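*Asks:* Reminder that position 132 of the sequence shown reads as 140 in this note's numbering, one-by-one numbering, no gaps.
The set of hints was computed from the structure by calculation and includes no laboratory data. Some clues are possibly wrong.
List time: in silico EDC-like cross-link candidates among lysine to aspartate or glutamate, alpha-carbon distance up to 16 angstroms [to be verified]: (1) 261 with 235; (2) 173 with 141; (3) 261 with 204; (4) 261 with 214; (5) 173 with 114; (6) 261 with 208.
All figures in this text were calculated on a predicted structure; none of them were measured in a lab.
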Amino acid sequence: MHFPTAASTEDDGTFVEDAITLAEGVQATAVFVAAILLAILLRRLLVKALDRDADRHAGLLIGRFLSILVVAVGLVYALDLMGVRIGPLVGALGVGGIALAFAAQDLLSNFIAGILLQIRRPFRVGEQISSNDHEGTVADVNLRTTVLRTYDGLVVHLPNAEVLKAAIVNYTRTPLSRTSITVGLGYETDLARVRDVLLEACRSADGVVADPPPEVWIETFGESTVDAAVRYWHAADIASRWRVRSEVAIAIKTALDREGITIAFPQRVLWWGREDPAATSGEG
9 MHFPTAASTE DDGTFVEDAI TLAEGVQATA VFVAAILLAI LLRRLLVKAL
59 DRDADRHAGL LIGRFLSILV VAVGLVYALD LMGVRIGPLV GALGVGGIAL
109 AFAAQDLLSN FIAGILLQIR RPFRVGEQIS SNDHEGTVAD VNLRTTVLRT
159 YDGLVVHLPN AEVLKAAIVN YTRTPLSRTS ITVGLGYETD LARVRDVLLE
209 ACRSADGVVA DPPPEVWIET FGESTVDAAV RYWHAADIAS RWRVRSEVAI
259 AIKTALDREG ITIAFPQRVL WWGREDPAAT SGEG
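Please work from the sequences and hints to get the whole structure.
*Replies:* So, in structure tokens, the structure goes:
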């Protein structure tokens, strides 16, 4: 049984040297299937050997890359068994081959960056980070991208090479994080007294840790307010940051209202000065 050969693409040859027999087709299929099975086995072995730590995924990345390589080699060998001439086939790709080469270069750079991220480990899967103006929980690090699930429920794919080059903020690697809230006070306010009120309100807020203790500092004398910075420590994850910030703000507003202390707002004083007596006497 024979399969029809491909049409000639060059004056000196075709894609297929001779007619493809059924035996050649079966052999090629067996080689390609064997390559796929070998790729799966190789990836599992690398994951088992290198990813003994559940948070490390270097073996998975290397396994994925080598799996693609093994399948590609198996495909080339299978095509060779059927008498397919790879040279004319690649030449026929033309501009597409050049684009494929650039894509492979990008894939390789991101793959190497992914391996370096696994070696340096600035973050693990499940940790909350910020990189390239995106914040979220790390869902995966694959051959090309670092996958973040944002707090809005979106999935963001960041190229590994860009993540490696950019600043990475890990919100969950340390147990505690500090946040600051600025409170604008009127110039008539007793600053020593309000400092004690702000400290007590901050200590009473749910989620504020006792050690390190909260702090209140007078920052600046603004155009309309004296600005006080309330600084406190809390659990480092993003959910705790927003929850505790809200609790502190509510506690501060409640305490200031109870003490009769007003949170100042922007004000402007207009002054025209005293009238010129000569201008009102009619003398000119």
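*Asks:* Now look at each hint and say whether the structure bears it out.
*Replies:* Do the hints match the structure? See the list:
The straight-line distance between the Cα atoms of residue 261 and residue 235 is roughly 15 angstroms, inside the 16 angstroms bound, and the hint therefore holds. Proximity of residue 173 to residue 141 is assessed by CA-CA distance (about 13 angstroms); at most 16 angstroms being required, the pair is judged to hold. With a C-alpha separation of about 14 angstroms, the suggested pairing of residue 261 with residue 204 holds against the 16 angstroms cut-off. Between residue 261 and residue 214 the alpha-carbon distance is near 15 angstroms, which keeps this suggested pair within the 16 angstroms criterion.
Proximity of residue 173 to residue 114 is assessed by CA-CA distance (about 15 angstroms); at most 16 angstroms being required, the pair is judged to hold. For the proposed pair residue 261 and residue 208, the alpha carbon gap of about 12 angstroms is at most 16 angstroms, so the pair holds.
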